[in-house]
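Using the sequences and the hints, build the whole thing.
2 protein chains.
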Amino acid sequence: MTTKEGPVAAGRLMRIHEVAAEVRLTPRSVRYYEELGLLKPAARSDGDYRLYDETDVERLRFIKALRDDAGFSLAEIAQLLEDEAARERGHAAYHATTDPVERMRILHDRLARFDHQIEMLRTKIERLQAMVDETEGRRTGTAARINELESSGAESAR
Amino acid sequence: MTTKEGPVAAGRLMRIHEVAAEVRLTPRSVRYYEELGLLKPAARSDGDYRLYDETDVERLRFIKALRDDAGFSLAEIAQLLEDEAARERGHAAYHATTDPVERMRILHDRLARFDHQIEMLRTKIERLQAMVDETEGRRTGTAARINELESSGAESAR
DNA sequence: CCCAACTCTCACGTAAACGGCAAGGTTGGG
DNA sequence: CCCAACCTTGCCGTTTACGTGAGAGTTGGG
Chain P
1 MTTKEGPVAA GRLMRIHEVA AEVRLTPRSV RYYEELGLLK PAARSDGDYR
51 LYDETDVERL RFIKALRDDA GFSLAEIAQL LEDEAARERG HAAYHATTDP
101 VERMRILHDR LARFDHQIEM LRTKIERLQA MVDETEGRRT GTAARINELE
151 SSGAESAR
Chain Y
1001 MTTKEGPVAA GRLMRIHEVA AEVRLTPRSV RYYEELGLLK PAARSDGDYR
1051 LYDETDVERL RFIKALRDDA GFSLAEIAQL LEDEAARERG HAAYHATTDP
1101 VERMRILHDR LARFDHQIEM LRTKIERLQA MVDETEGRRT GTAARINELE
1151 SSGAESAR
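Going down the list, the protein sequences come from chains P and Y. My numbering numbers the first residue of the first sequence as 1 and each following residue consecutively. My numbering numbers the first residue of the second sequence as 1001 and each following residue consecutively.
Careful: at least some of the hints might be erroneous.
As the list claims (entries may be wrong) - Just so you have them, the derived chain P footprint on chain Y, three or more residues with Cβ under 8 Å:
1. 1016-1027
2. 1040-1050
3. 1067-1079
4. 1105-1115
None of these hints come from the bench; they were simulated from the model. Here the structure is a predicted model, which means the values were calculated and not measured. Glycine is no exception: its CB is placed at the ideal position from the N, C-alpha and C atoms.
So, in structure tokens, the structure goes:
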């Protein structure tokens, strides 16, 4: 009943410390991300243990990359990935309807979200590139001064 | 006596709220960055007011970019820029000595730091690019499904 | 069935990066 | 010289992103 069904992910389910180790996070962080609505385990055991599948792992990896590499806050990541609640609704809705128009809408929605993600990342890349360019400029200045010194006093070098 | 001298920066000096406004930071943050050793005002007034010059503004801009765009922590930024203390020592040392060998060493040092900065930024760019690629992969999959639906049920669309 | 290892949900503690206030000092135009 | 607007150094408060138990329950191999 808490099972995330779906057409994929028939592999085995993992417990929280397993996925945490896999993506190099702590169980605490994974639970915290769930608390913020970043993801929801594929299932729960009878004893209410969180159980994760491969897609959860991928999602966690993506979250970690967004946090570590892109430096987004968890709040921003929540925006980018949208609440897991909304995502699940979208997924369920897709399989609940046979209406192709509705399915179309959902797919276009998903496409738009991917485009948004790509755009945010691209923007970040551009800014970083600008910083690289600037730093290279300074580097060139320093390198020039080295050349000056090197050619002016040309004798004491090893 | 607290003046940062140097051959450049003869422009006028600004007070903390001016530079803060200029680089879109709060005076509080600027003081905090100083506390962490990220920068030091060019001078102090008689009444001990912090006074900044144009190079300080540039430095602050760079710091902000590293924080906002690259997502580095202030501690990491401190590493990248090295303690202002060390920087100042290097600068003073450069002008204190006339020994070309010593000057050479200082310049090569500076060059190495630039190279390190560039490398860190490049690494970050590569990771972001990898994320873009991955997201584009997913996007392509969704786009394909849209095409399927579009050609299979080709009549109900507006 | 037993027990070690794992998990659950509170709940409080912490480091980073500031925000905001207090109590007092400084600046500079009128 | 006066005063509004700015600044100073403390110092405590807050948010984010977790760490760290506490107390109780679950799992699974022997």
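How the hints compare with the structure:
1. 1016-1027: violated (count 0)
2. 1040-1050: Result for this restraint: violated, n = 0.
3. 1067-1079: It holds: at least three residues are needed, and the segment 1067-1079 of chain Y offers 4 whose Cβ sits within less than 8 Å of chain P.
4. 1105-1115: holds (count 6)
When held up to the earlier numbered hints, the structure conflicts with 1, 2 and fits the remainder.
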